[in-house]
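Undergrad: Chain by chain, the residues run as shown.
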Amino acid sequence: MARRAVAGSAPDRVDNAVASLLPLATTVLAMLLSIQPIPIPGYAALTPAFTLMAAYHWTIYRPDLLPPLALFIIGSVQDLIAGGLLGTTALLLLLARGLVLRHRDHFINRPFPFVWSGFTMLTGAAMLFLWSLHSLLTAGLLDFRSTVFRAVLTISLFPAASFLLGRAQRGLMGGG
Amino acid sequence: MIRLSPARRATLQRIAFPLLVSLSAMMIILGKADQVVFESLRSSVIDAAAPALDMLSRPLATLDSLVQRVRGVIIVYEDNARLVQENERLLGWQQAARKLASENAQLHELLKLAPEPAISYVTARVIANSGGAYVRSLMVNAGRENGVVRGEAAVNGDGLAGRVSEVGSRAARILLITDLNSRVPVIVEGSRQRAVLAGDNSERPSLRYVEAGGAIKIGDRIVTSGQGGVFPPGLPVGVITAFDGELARVEPYVELSRVEYLRLVDYGLADALPDPVPIAPRGGRRAEAPSGGQPARH
Numbered sequence: 001m002a003r004r005a006v007a008g009s010a011p012d013r014v015d016n017a018v019a020s021l022l023p024l025a026t027t028v029l030a031m032l033l034s035i036q037p038i039p040i041p042g043y044a045a046l047t048p049a050f051t052l053m054a055a056y057h058w059t060i061y062r063p064d065l066l067p068p069l070a071l072f073i074i075g076s077v078q079d080l081i082a083g084g085l086l087g088t089t090a091l092l093l094l095l096a097r098g099l100v101l102r103h104r105d106h107f108i109n110r111p112f113p114f115v116w117s118g119f120t121m122l123t124g125a126a127m128l129f130l131w132s133l134h135s136l137l138t139a140g141l142l143d144f145r146s147t148v149f150r151a152v153l154t155i156s157l158f159p160a161a162s163f164l165l166g167r168a169q170r171g172l173m174g175g176g
Numbered sequence: 177m178i179r180l181s182p183a184r185r186a187t188l189q190r191i192a193f194p195l196l197v198s199l200s201a202m203m204i205i206l207g208k209a210d211q212v213v214f215e216s217l218r219s220s221v222i223d224a225a226a227p228a229l230d231m232l233s234r235p236l237a238t239l240d241s242l243v244q245r246v247r248g249v250i251i252v253y254e255d256n257a258r259l260v261q262e263n264e265r266l267l268g269w270q271q272a273a274r275k276l277a278s279e280n281a282q283l284h285e286l287l288k289l290a291p292e293p294a295i296s297y298v299t300a301r302v303i304a305n306s307g308g309a310y311v312r313s314l315m316v317n318a319g320r321e322n323g324v325v326r327g328e329a330a331v332n333g334d335g336l337a338g339r340v341s342e343v344g345s346r347a348a349r350i351l352l353i354t355d356l357n358s359r360v361p362v363i364v365e366g367s368r369q370r371a372v373l374a375g376d377n378s379e380r381p382s383l384r385y386v387e388a389g390g391a392i393k394i395g396d397r398i399v400t401s402g403q404g405g406v407f408p409p410g411l412p413v414g415v416i417t418a419f420d421g422e423l424a425r426v427e428p429y430v431e432l433s434r435v436e437y438l439r440l441v442d443y444g445l446a447d448a449l450p451d452p453v454p455i456a457p458r459g460g461r462r463a464e465a466p467s468g469g470q471p472a473r474h
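These protein sequences, in sequence, are chains A and B.
Read left to right, the first sequence gives residues 1 to 176 (my numbering).
Read left to right, the second sequence gives residues 177 to 474 (my numbering).
Chain B with its partners taken away, still in its complex shape:
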């Protein structure tokens, strides 16, 4: 700040205020009319803020993991008993899954089905959220330098959380499936009806444009349909937990408010695949891009 005489400063402030107010209003209108107009500004601000946000979010994350650890120690006995039971049950499932996997492989062979493209992913930590009622997004500490590409699916062990909507060189923004602007093509697992999962900024997105035929009910699982080419088919999304009149509400499998790490997955679904190479294993026809050029991917 430069020292100015009080009178001059007052004049400056009188001009500055209406000027900045109209500038803000203009930015709102401009940003609404053309979403991409501020994109480079956004990604550079994200990049500049990423190190600070990364550092700031660490103490909170550490505190949270400490609380989890103490809780874990307290309930270790019950947890153990539960896990032993669960393990037995899962061993049963493992047998079933192995059998199904080999059967599935044989059937693929018989049908000469094109294999799914190989996937590669980057795991990133959540460093900021959107803090407000009108946007549902997260920022993660991986960006273009780590091989993150716009449009990739953001998942964790439980299912789909969102997709990469903006990429900076060191950070990226994830648009959550609960955001007002999020639309995910899905199918109801039991009845195979297609629908669109539409976010509305509430905790539970709704199921719209449900294909006719068969009734959907509470407890039905919702998975991605793969239509539109952004997400691969079959990613678990959530489960129908309530009806708002005719509208089914879906509880996402991912606990979006608690998510600490996300995997940004490249399912090789991008339209422009440079340098296609055939995949050897099952002699399919589809090719995919090599991911070897991206050292950060595993």
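Here chain A stands alone, though its shape is the one from the complex:
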């Protein structure tokens, strides 16, 4: 995934290169995490949308370092590995980015509850979108409960993800 080689002898340049890869690296990590086989009954269906968390966080704080192309590739690879319909995750992440970018001013440098409520709305919309898309494609109404549970789990795990991403961001990039 690393499209830029970590070159240069000066330490600050190396730091810079590593730091600018952080959004990409954490989003790839989130993608890998969401396909991990975790031995909890029923977990697979309710796997939180980790990739959406990373995409949301970075779109608010550093959208320049997580461009649409990166989201498209990560989403497509996730679909290809997970066996889902190719294009769904890419489309979801891209639309999420578009939506968040438009309302970015409401979230940047605001207290966490604002950021969280923004994510809650985004996740609600995203899950509804996925459900409608899959229902449309299978020409029948799919079970809505797992979608709701998945949304709830994703929203409730967001503070932890946001904390970790924020720490990594401050640690490597300094400042918010």
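Rather than coming from a laboratory, the hints here were simulated on the basis of the structure.
Even for Gly, the Cβ is constructed at its ideal location relative to N, Cα and C.
The reader is advised that the hints may include incorrect statements.
[Claimed, not checked] Some, not all, of what chain B presents toward chain A, calculated at C-beta under 8 Å:
#	residue
1	GLN189
2	LYS208
3	PHE214
4	VAL302
5	GLY307
6	GLY308
7	TYR310
8	SER313
9	LEU314
10	ASN377
11	SER378
12	SER433
Guided by the hints, dock chain B onto chain A, whose structure is given.
TA: Structure of chain B alone, referenced to chain A:
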């Protein structure tokens, strides 16, 4: 990333976004219309990701086995008592099974029944799941190089888990029996009624197109019927645990969310059998392909 002037970069981003959105939408439509169009892309991505996924899933698997081990130590006394009892009971069953096996062999002999083709299998570790509400599949770390063929049954000690739906050279995808696209011809063991076990992405697939005659009830065992030639007859699948109105719900025997290893079994049911050789033992008429050319099989 190439350094661009802010203005040029903004223009590029403005074009890139709608372009990628429409590309994604096109891929969805294309993939839905023609399932095989992305197949080679899928298997190459599976292959490329397999080593990383294999490595990543190891710590979790190790942690899980550690937890199991600690739990095992804690309940070792009760476990032992239970196992002694179970052993006694199983010894009884063993006697019965031996008697039945010899009787069965004699009856086969009398009927000149064609023997079941010999089976061969590959055991593979689960390295990824589908992570989402709309697909039920697993990825395992064995592929074409290990002799895995598309359509093989994926089973473990408890019963049928799914079938191989995509094969890369080092990894393969298993479509679970709970997936929306899974249809398995089965029979209700007691009444011998034929039916189709249809997945719907829930934990318990439903029993559809149940043959008329006899009532099915909670507790009935469901096994594969062997119709359609994908699975051999008699593989344990699950047990009816509930009714959704008229629809019987089947609890799979395999704990699909906890499965760590799967056996991908070649029952020799493939249509094109190259190089047929007759089987010596019982003088049957059916032939099967030698599996000696696949070193990874046991």
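Undergrad: For the hint on SER378/B, does the least C-beta distance to chain A fall short of 8 Å?
TA: holds, 6 Å
Undergrad: Hint TYR310/B vs chain A: min CB-CB distance below 8 Å?
TA: holds, 5 Å
Undergrad: Hold the hint about PHE214/B up to the distance rule: shortest CB distance to chain A must be less than 8 Å.
TA: Where the cut-off is 8 Å and the nearest Cβ of chain A is about 5 Å from PHE214/B, the hint holds.
Undergrad: Hey, does the LEU314/B contact hint survive, CB to chain A under 8 Å?
TA: Result: holds, 7 Å to nearest chain A Cβ.
Undergrad: Report holds or violated for the interface hint on GLY308/B, using the least CB-CB distance to chain A and a cut-off of 8 Å.
TA: Since chain A brings a Cβ to about 6 Å from GLY308/B, closer than 8 Å, the hint holds.
Undergrad: Please verify that hint: GLN189/B, Cβ, nearest Cβ of chain A, below 8 Å or not.
TA: Since the shortest Cβ distance to chain A is 7 Å, the answer is holds.
Undergrad: Taking the closest Cβ pair, is VAL302/B under 8 Å from chain A?
TA: Holds - the Cβ of VAL302/B comes within 8 Å of chain A, reaching about 5 Å at its closest.
Undergrad: Does the interface hint hold: is LYS208/B within less than 8 Å of chain A, judged Cβ to Cβ?
TA: holds, 6 Å
Undergrad: Under the criterion of a CB-CB separation shorter than 8 Å, is SER313/B in contact with chain A as hinted?
TA: Nearest chain A Cβ about 4 Å off; hint holds.
Undergrad: Close enough to count: is the Cβ of ASN377/B nearer than 8 Å to one in chain A?
TA: holds, 7 Å
Undergrad: Min Cβ distance, SER433/B to chain A: is it shorter than 8 Å?
TA: Cβ of SER433/B sits 5 Å from chain A, so the hint holds.
Undergrad: Less than 8 Å between beta-carbons is the criterion; does GLY307/B satisfy it with respect to chain A?
TA: This interface hint holds because 4 Å falls under the 8 Å limit.
Violated hints are absent here; each numbered hint is respected by the structure.
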